[in-house]
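Protein chains in written order, with the working numbering: chain A, 1 to 398; chain B, 399 to 719.
Each hint should be verified, as a subset may be incorrect.
Below, in silico cross-link-like pairs of lysine to aspartate or glutamate (EDC-like), each with a Cα-Cα straight-line distance of 16 Å or less [unchecked claim]:
id	chain 1	residue 1	chain 2	residue 2
1	A	LYS377	B	GLU708
2	B	LYS713	A	GLU213
3	A	LYS185	A	GLU213
4	B	LYS473	A	GLU213
5	A	LYS380	B	ASP414
None of these hints come from the bench; they were simulated from the model.
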Amino acid sequence: MPMSTNIFSLITGDTKPFLSGPIAEELHVYLNGRSAKSVKKKTELVPGMLVAEHADPKKGDVHTPVAGVVTDITEHAVIIKVQPSTETAPEAVQPIDFSTVPDSEMAETLKKLGLDLPLLVPVTGKDPIMHVIAGLNPEPGLCYAEAMLANCKETLEAGIAMLSRFLPPVREIVLATHDASITLKGCNRTVAVPPVYPNEHRRILMSYVTGSEKLKAINTIDIHALYILGRVAQTGLPVTETVITVMGKNYLVPIGTPIDLMLAHAGVTVHEDDRVIVGGPFRGYAIKNITQGIAASDTGITVVPNGATAPISDNACLHCGECVRHCPMRLRPNLLSRYSEFDNYAQCKTEFVRRCIECGLCTYWCPARRPVAQLIKLAKQHSILHISQNEPVPNEFE
Amino acid sequence: MAKEILTTAPTLTVSDAPFWHCGRSVQGIMRDYLIALLPAAVMAVVMYGFDALRVIALSGATAMIVEGLTLHYLKRDLQLDNYSALLQGVLFAFLLPAGAPWWLVVAGCALMMLLGRLVFGGLGANPVCPPLVGWAIITIAWKLFMDPDASVLNTQLVNPLTQLRYFGVDKVAHFTTFDLLSGNQLGALGASQVGALLLGGIYLLARRVISWHIPVAFIGTVAIIASIFYFGENGEQYASPVFHVLTGSVVFAAFFLATDYSSSPVGSVPMLIFGAFAGFMVMMIRIYGIYPDGVPFALLLANLAVPLLEIIRPKPFGAVR
């Protein structure tokens, strides 16, 4: 039925253990909204020491993975020169014994250890009835999920055991992955989901687990966040490492590793005007500074060479229907993009624009090379903004 | 205070997700259409001589000139390099008789571009298929010049549909299927090259430029309705379904005109209904109407029904109503 039959497979069969990242001489700890109040230039650091705090109680603080000294604090990053500790260095950071932490303080403790709690709390306002663990690679090109399920089961199980300490109790915990025979201790059952992009998205996973497309109070946790939680649960130490996929290989890297060093270590050359993307090619974000440090929540680095992909154009919509055929939410991106192009956000709302999961397949398949997904995201923003202010959504034509 | 970015670091391009694209383009699609029309264009020259080439070239050039001038006057970007104007011109030429005088071609082509496409907004905005608009206007205005029986006199070819209408089914019994497929029939210069057009249509399907729903529904319905008459009572008055499918513009419209993106529906059920409705109207016009070949008018009616058909769509994910 579709014009083209390419589908993006989310399994690669790669279950090799993680490779190690580069040894950096200088780390750039990316602040991303945090403030580095506890350190100054020339402060000596030990591994696990607090570098910057986030004012939001749901966003994790960030800690240094190595011993070193702060050489600079910029608007975006804390630059740390890696060097062995001297006698004047502070005491080593002690691991936390979670059995001594009461459940009511667990969320705060985990935030202080560097975990981003919005990744782990329910989507709807109600208490969740189940947790679903998204055991699939999120995008084509990222491949850590299979390796984690094959090699890091104890870590994942430690993470699952930790969930009940800071989240409301649920009826069951379900693992959603490509193979129903994979089990994790703590999960009541495993549901097989076709490993095709964008099936890792929580709405689609929910529909496979519950058998219905209606939105239910289900908490989805992606396997990357669960892994990080599991590492913290196992060690009692702050988050200092993360797993990322670069060019199809998985690396365990210290946070703050500059991206240009990581790419050089992975054998990738970046040329002028290329795009360097944190995340995958459909939902990642393009960075502007190639020395930006890797953060704990980063899942991969994708490089899109200049000229490898067709440039976006301002063509009118042809109504060929490619986007409609590929939309996982069964929306009409052709109409949505036209309404959004002419600021007709009220009609976008009638067309279920907020149902869009921003998978990006509509832009991928558009032969007119329109920025379909980008126009839809703009329409979503306008809809949400006006709904939150209880105003009617504006329509230029009324 | 900010650390200087090393001058040796490359400048990066920043844009919003997604970052991949399948590589298809409007130009690529139009090029596929033109390649699919090539066998029929060659056959048209074989059957009608260089008259046919003259008409095709004049029509294509006029289409591009009219579109170029109009877009320039409207201060819009010229898009002539995506071949869409050229394609419209060639499709229009295929509906004309080979003996069409130059002024007929130019007038029809200009009217097609202006009233069938540019007045609605250009590429992607036309609610009706532009070649059909041009054809309808000049057929009604200059009926005799548009009639191949009257304007293409230097040929031995016979027009099966006018023979059928005015002299009855016995007069067309001599047409074999091979005759009809190989273009051994008088009609519009391109639309009568049925076998070559079928090849072009298969090429379009293989390249996934069009999907099978509209051609199958259109041709299938023509065949089914023709069968109902042919195998019913008084069946000896009616021509066979194979005859009806392989004459006139049925095959040409099925693959090239009905599948025009902007004037055809997007969903698979609407596409099937669209094709079936157009096919049904073709047979109604051929049997009960006044035109020997009803394809352009049938398709125009179907185009007008498209917004209604687009209401038929699967509910969005998780929608309740």
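Next on the checklist: Let me make sure I understand: some of the numbered hints might not hold for this structure. Which ones are they, in numerical order?
Outcome noted: 1, 3 and 4
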